[in-house]
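Keeping their order, the protein sequence lines are chains D and X.
Residues in the first sequence are numbered consecutively from 1, following the numbering used here.
Residues in the second sequence are numbered consecutively from 1, following the numbering used here.
Some hints could be false.
As the list claims (entries may be wrong) - Examples of chain D residues lying across from chain X (beta carbon under 7 angstroms, computed):
id, residue
1, 39
2, 43
3, 124
4, 127
5, 213
FYI, nobody ran anything at the bench for these hints, they're computed from the structure.
Predicted model, so just to flag it, every value in this text is computed and none were measured.
Beta carbons are placed, not taken as given, at the ideal position from N, Cα and C, and that holds for glycine.
2 protein chains.
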Amino acid sequence: MSRQVGYLGPPGSFGEQAALGYAPAGALVPFTSHGAVVAAIGSGLIEEGLAAVENSLAGTVPETVDAIIQTEGVFIRGELILPIEHCLIAAPGTSLAEVDLVLSHPSALAQCRTYLETHLPGARLEAALSTAAAVETAVQTRAAAAIGTRRAASLRGGAILAEAVQDVAQNSTRFVVLAASDAPPTGDDKTSFAFTVDHDRPGTLIGVLSELSNRQINLTRIESRPSREELGVYVFMIDCQGHREDTVVAEALGAVQKQAHYFRLFGSYPRYADAAT
Amino acid sequence: MSRQVGYLGPPGSFGEQAALGYAPAGALVPFTSHGAVVAAIGSGLIEEGLAAVENSLAGTVPETVDAIIQTEGVFIRGELILPIEHCLIAAPGTSLAEVDLVLSHPSALAQCRTYLETHLPGARLEAALSTAAAVETAVQTRAAAAIGTRRAASLRGGAILAEAVQDVAQNSTRFVVLAASDAPPTGDDKTSFAFTVDHDRPGTLIGVLSELSNRQINLTRIESRPSREELGVYVFMIDCQGHREDTVVAEALGAVQKQAHYFRLFGSYPRYADAAT
C-alpha cells in the first residue's frame, strides 16, 4: 500500500499540486483545512501531510503555524516551494466580455485585484470557501468566472479565459512536509523551533536570537504568533540554517531552551533546492 | 465641519465600532478595505482613519501592515484596543433549530468553529466578503444566520440568537489611528518603525534589535512581512516603548537607520491605556 499523504483539498487546490510534487506515487488524502491535516498527523491517522506556511506576497499562513505549535507529536520533515499561478476560469464558451461575477477565496481575489479592476471593472466579486469550490460553482453559473488553478479548470471542465492573472508575477508558496519524525542530516539543512520569552523586560528576544548569531547560524525566518492569551504576548517561530545534529546548532538550541519559558523543536529537514532562486 | 475619520465598513463592522470609540463626534467615512483607508490618508482625502493591525487570536492583519509600509506620508497617531464579540444573527422569529446556513467572513467563521460544530453541526457554512454583508444577507434569507456584531444586527433589523459565540472568550483587536502626522509626547508612548537588513549574513537582525535592548528600550511587537520580491526576504515592523523625541529612543532610531537597507519611521503615539489589561 502506498503511503498516505494529506493536503488541503479539494482536488484542484494548490495543496494538491504541492502534494503531487512531493509524492507523485502517494495516496493523496484531501482535508478541509490545514489544521485538519496537522491534526491527522498528530493522531497518527496519516503518515505525512503538506501544509502551506508562507506565501511571498501574503506572508505567513497563520492557521498552519498555529496548528503546528498547538499539536503534539508533529515534526517537519521537509519543505517545498510551489510557484503560484492564478487563472481566470469559466464554463467553456464564455467570453471575458460576458463575465459579470467573479468568485474565489478572498485571498485569491485580493491577489488579483489589479487584473480584475483593469479587465473586469464592472464585475461583482463573491467570496468562496476555496479556489477549487469557486471553480466548481463558476463552471455551472452563467456569466460567472472563478480565480483558481489550471488543474481545477481541467478537473471541473472549465475553460481558461486568462492565465497568470495575479498582480505580481513572482508569487510562490512554501509548504512544509509534516510527519511523526523529522529528517536525517544531508549537509544542507534547516531547523525549525518555537519559543516564548518573558515579554516585560527589554532584550529577552535578542538574548535568544544572539545564541544563533554568536555561532554564525543564519536565521532564515522569524515569525511572531499571538499566544492566544492576551495582545502583546507572542510565540516566536524560527527557521535557521543547519541540522539539529550539527554541533553548533545543537549548542545553540540548548542555550535557547535555557532562556525560554516555552520551547519546542519541530526538527530538521533538507533545504528546498530551488529555495534561493 | 467635523473631521472625517475613515474605517473599514460597512456600518455595523468592528471597524465602525472602533471609529465610534475613537471619534464619537467625527464624520465617519466607510471604506471597502483597510488598504483603501490607508490610501485615502496618503492622498489627503481624509484627515484620519482607523485600521486593524492585530487580533489576539488571528495575529497580524497583513493587509493593513502592508498598506502602511507601502503608502508614503502615512503616520501612526494613536492606538485603540477593541474587545471582539461575535453574535449569531438571523431574521426575527428564526429559531436556532431551523438554521441550516451560516454566513460570515471566513475569519469570523473560523473564530467560531467550536460553537458552530457544537450547536449547528448540520448547517452549511458560506463565505461572505464581510461580517456586515453576511448579516444583511442572513436577515433576508429563510433559515439562514450570520456571525456578526451586535450593532450590525440592530442596523439590519436582525435578531440575536446567541451572544459571544467565538471559541475563545478573550478576543480583542488592536487598531491604529493613521494620519498625516504622529502625536506629541505624553510620557507613556510607543513608537513604530519598519526596516530591512541584509538577509544573507547571520546576525543582521540581531544587530538592529540590540540597538533597542542595549538602551533598555522594550520591544512590544516584531512582525515580519514579505518583501514581495522573493520568499525569505522580509520587512520587519517594530513597536517599541517610548517616544521618538525621548533621547534614548532618538539615539536608538539613528543607530538602527545606519544599519538598515530600508528604514521608515511611522511615528510615536500614546500607549492605549487599557492595553495591558
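- Item | Unmet hints by their number, sorted upward, for this structure | Checked against the structure, the hints that fail are numbers 1, 2 and 3, while the rest are satisfied.
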